[in-house]
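Participant: Listed in order, the protein sequences are those of chains A and B.
With the first letter of the first sequence counted as 1, position 60 gets the number 60 in this note's numbering; the numbers rise by one all the way through.
With the first letter of the second sequence counted as 1, position 70 gets the number 70 in this note's numbering; the numbers rise by one all the way through.
The set of hints was computed from the structure by calculation and includes no laboratory data.
All of these numbers come straight from a predicted model, not from anything done at the bench.
Ideal placement from N, C-alpha and C gives every residue a C-beta, glycine not left out.
Keep in mind that the hints are not guaranteed to be accurate.
Claimed, not checked - Computed spacing ranges between beta-carbons, pair by pair:
1) TYR158(A) to ARG137(B): 56 to 66 Å
2) ALA11(A) to ASN128(B): 39 to 49 Å
3) LYS74(A) to ASP85(B): 27 to 37 Å
4) ARG128(A) to ASN141(B): 44 to 54 Å
5) PRO36(A) to ASN147(B): 33 to 43 Å
6) ASN147(B) to LYS74(A): 13 to 23 Å
7) LYS16(B) to HIS138(A): 55 to 65 Å
8) ARG19(B) to LYS167(A): 21 to 31 Å
9) SER13(A) to ASP139(B): 29 to 39 Å
To be verified - 27 Å max Cα-Cα, derived BS3-like pairs, lysine-lysine:
10) LYS31(B) to LYS167(A)
11) LYS73(B) to LYS88(B)
12) LYS40(B) to LYS167(A)
13) LYS162(A) to LYS113(B)
14) LYS71(A) to LYS28(B)
15) LYS167(A) to LYS122(B)
16) LYS3(A) to LYS74(A)
17) LYS138(B) to LYS71(A)
18) LYS8(B) to LYS71(A)
19) LYS113(B) to LYS73(B)
20) LYS152(A) to LYS71(A)
21) LYS73(B) to LYS167(A)
22) LYS162(A) to LYS144(B)
23) LYS144(B) to LYS130(B)
24) LYS16(B) to LYS71(A)
25) LYS71(A) to LYS6(B)
26) LYS31(B) to LYS113(B)
27) LYS73(B) to LYS74(A)
28) LYS28(B) to LYS6(B)
29) LYS74(A) to LYS31(B)
30) LYS144(B) to LYS74(A)
The primary structure of each chain is shown beneath.
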Amino acid sequence: MDKMTEEQYRAISNMLRKRSLWMLHYCTGCGAMELPPTMTSRYDMERFGIVPYVTPRQADILLVTGYVNVKTLKRIITVYEQMLDPKYVIGFGSCAINGGIYYDSYSVINRLDAYIPVDVYIAGCMPRPEAIITMFKHLMNLIDSGKADGYKRYKQNYEFYKNNQRKVLG
Amino acid sequence: MSVLDKIKGIEGVNVKVQRDNRIFVDVKEDKLISVLYVLKNIGFNQLSLLSAVDRINEEQFEVFYVLYSNREKVNCIVRTYIPRDNPKLVTAAIIYPPAHAYEREIAEMFGIKVEGNADAGKPFILENFKGDVPPLRKDFNSMKYVNAHFQPFRHHDEVELEAKDE
């Protein structure tokens with residue numbers, strides 16, 4: 001057998017990675033309400049290899065549901081930095097995209113991807129379980145083609161993200 | 001003697017009955033503590049809520065205490081009005097201990113000074129709040145604060161390009 005090149009190795013590991021996504025759901029907002037039907041037998045996301053997990057160190061996906069305020073942003077960054085590479089962030093619902101109905105609130109940040117890199121967004125208020133499953137399939141395609149590189153972007157543009165975080169968190 | 005008659009018998013109060021189990025009591029700020037004391041003795045043993053409303057057109061804060069009587073099953077809402085510039089309140093934590101935390105909240109959210117409560121004015125809920133006007137006052141410009149302190153919304157690709165440029 002020939003020696004495996006690095007690209008081949010990466011292609012195989014990406015193919016395996018996309019079939020076992022362990023998810024840490026950080027349920028700050030009302031979006032968490034749509035997760036129980038997605039997890040349980042009606043939509044059963046475990047058939048895609050996606051399992052809800054409890055600790056950041058063993059998880060691949062950080063699912064941020066709903067609005068993020070200044071207090072929870074601090075904890076989300078801590079959790080995100082505890083996770084091991086490769087890691088993917090999902091912005092769930094319109095609040096994570098642009099603030100949603102809390103766009104002018106004194107304590108809710110408008111854009112999640114200014115503070116941590118977001119790989120996939122789901123639009124909607126609330127996104128249905130079908131939308132969540134579609135998003136997971138989209139994320140799998142991104143992982144397979146090597147385009148889900150949020151954790152690399154975080155390292156490359158570390159100063160950009162840290163400056164934004166410092167501006168809010170002081 | 002019903003509980004309504006007892007409340008009407010208190011000196012210096014203006015009673016308004018909205019429903020059978022909901023009585024509004026308007027009281028001047030200097031009589032507030034004594035009225036609360038009498039109400040507790042009548043049987044209003046629980047403080048359900050203490051909060052404030054910014055009546056900016058009348059230049060005053062409305063501070064209200066929602067009391068509940070377990071025996072009579074009646075809500076009594078005690079309202080008092082304090083001036084908007086240099087607002088001051090005397091603590092009710094001696095009569096109703098849960099008022100301690102509520103007073104800290106209105107001190108932070110409205111900038112009301114609470115005399116007798118040592119913790120009022122200390123940081124309570126807000127983290128890294130940099131505005132100079134307390135956030136629940138009506139003259140707090142929320143949109144201006146958001147634009148000054150948080151990243152405004154732009155498209156995802158734009159942010160990536162920006163990150164790459166830097």
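Participant: Hint by hint, note whether the structure agrees.
Facilitator: Evaluation of the provided hints:
1. At about 38 Å, the CB distance of TYR158(A) to ARG137(B) disagrees with the hint of 56 to 66 Å.
2. As the Cβ distance of ALA11(A) to ASN128(B) is approximately 44 Å, the hint placing it in 39 to 49 Å holds.
3. Between LYS74(A) and ASP85(B) the beta carbon distance is about 35 Å. The supplied range of 27 to 37 Å therefore holds.
4. Remark: the range hint 44 to 54 Å for ARG128(A) to ASN141(B) is contradicted by a beta-carbon distance near 36 Å.
5. For PRO36(A) paired with ASN147(B), a C-beta distance near 37 Å keeps the hint of 33 to 43 Å intact.
6. ASN147(B) and LYS74(A) have their C-beta atoms about 21 Å apart, which keeps the hinted 13 to 23 Å range intact.
7. A hinted range of 55 to 65 Å holds for the C-beta pair LYS16(B) and HIS138(A), which are about 59 Å apart.
8. About 50 Å separates the C-beta atoms of ARG19(B) and LYS167(A), a value inconsistent with the hinted range of 21 to 31 Å.
9. For SER13(A) and ASP139(B), the hinted distance range of 29 to 39 Å is not satisfied, since their beta carbons lie about 57 Å from each other.
10. As the CA atoms of LYS31(B) and LYS167(A) are separated by approximately 46 Å, the hinted pair breaks the 27 Å bound.
11. At roughly 32 Å between alpha-carbon atoms, LYS73(B) and LYS88(B) are farther apart than 27 Å, so this suggested pair is violated.
12. Restraint check for LYS40(B) and LYS167(A): the C-alpha separation of about 48 Å exceeds 27 Å, so the hint is violated.
13. Annotation: proposed proximity of LYS162(A) to LYS113(B) is violated, straight-line Cα distance about 37 Å (limit 27 Å).
14. Note on LYS71(A) and LYS28(B): the hinted pairing is violated, with a Cα-Cα distance of about 38 Å set against a maximum of 27 Å.
15. Only pairs whose Cα atoms come within 27 Å are accepted, and LYS167(A) paired with LYS122(B) is accepted, the gap being roughly 23 Å.
16. Between LYS3(A) and LYS74(A) the CA atoms are separated by roughly 45 Å; this puts the pair beyond 27 Å, and the hint is violated.
17. For the proposed pair LYS138(B) and LYS71(A), the alpha carbon gap of about 23 Å is at most 27 Å, so the pair holds.
18. Note on LYS8(B) and LYS71(A): the hinted pairing is violated, with a Cα-Cα distance of about 46 Å set against a maximum of 27 Å.
19. Only pairs whose Cα atoms come within 27 Å are accepted, and LYS113(B) paired with LYS73(B) is rejected, the gap being roughly 32 Å.
20. For the suggested pair LYS152(A) and LYS71(A), the alpha carbons sit about 26 Å apart, so the restraint of at most 27 Å is met.
21. The suggested pairing of LYS73(B) with LYS167(A) is violated, with an alpha-carbon distance near 50 Å, which exceeds 27 Å.
22. In summary, the hint linking LYS162(A) to LYS144(B) is supported, as the alpha carbons are separated by about 23 Å, within the 27 Å threshold.
23. Under the criterion of a C-alpha separation no larger than 27 Å, the hint pairing LYS144(B) with LYS130(B) is consistent with the structure, at around 12 Å.
24. Only pairs whose Cα atoms come within 27 Å are accepted, and LYS16(B) paired with LYS71(A) is rejected, the gap being roughly 41 Å.
25. Pair hint LYS71(A) plus LYS6(B) does not hold up; C-alpha atoms about 46 Å apart against a cutoff of 27 Å.
26. As the CA atoms of LYS31(B) and LYS113(B) are separated by approximately 18 Å, the hinted pair is consistent with the 27 Å bound.
27. Distance check on the hinted pair: LYS73(B) and LYS74(A) sit about 44 Å apart at the alpha-carbon level, beyond 27 Å; violated.
28. Only pairs whose Cα atoms come within 27 Å are accepted, and LYS28(B) paired with LYS6(B) is accepted, the gap being roughly 18 Å.
29. Taking the CA atoms of LYS74(A) and LYS31(B), the gap is about 44 Å. The hint is violated against a cut of 27 Å.
30. Taking the CA atoms of LYS144(B) and LYS74(A), the gap is near 23 Å; set against the 27 Å cutoff, the hint holds.
This entry does not satisfy hints 1, 4, 8, 9, 10, 11, 12, 13, 14, 16, 18, 19, 21, 24, 25, 27, 29, going by the numbered hints stated previously.
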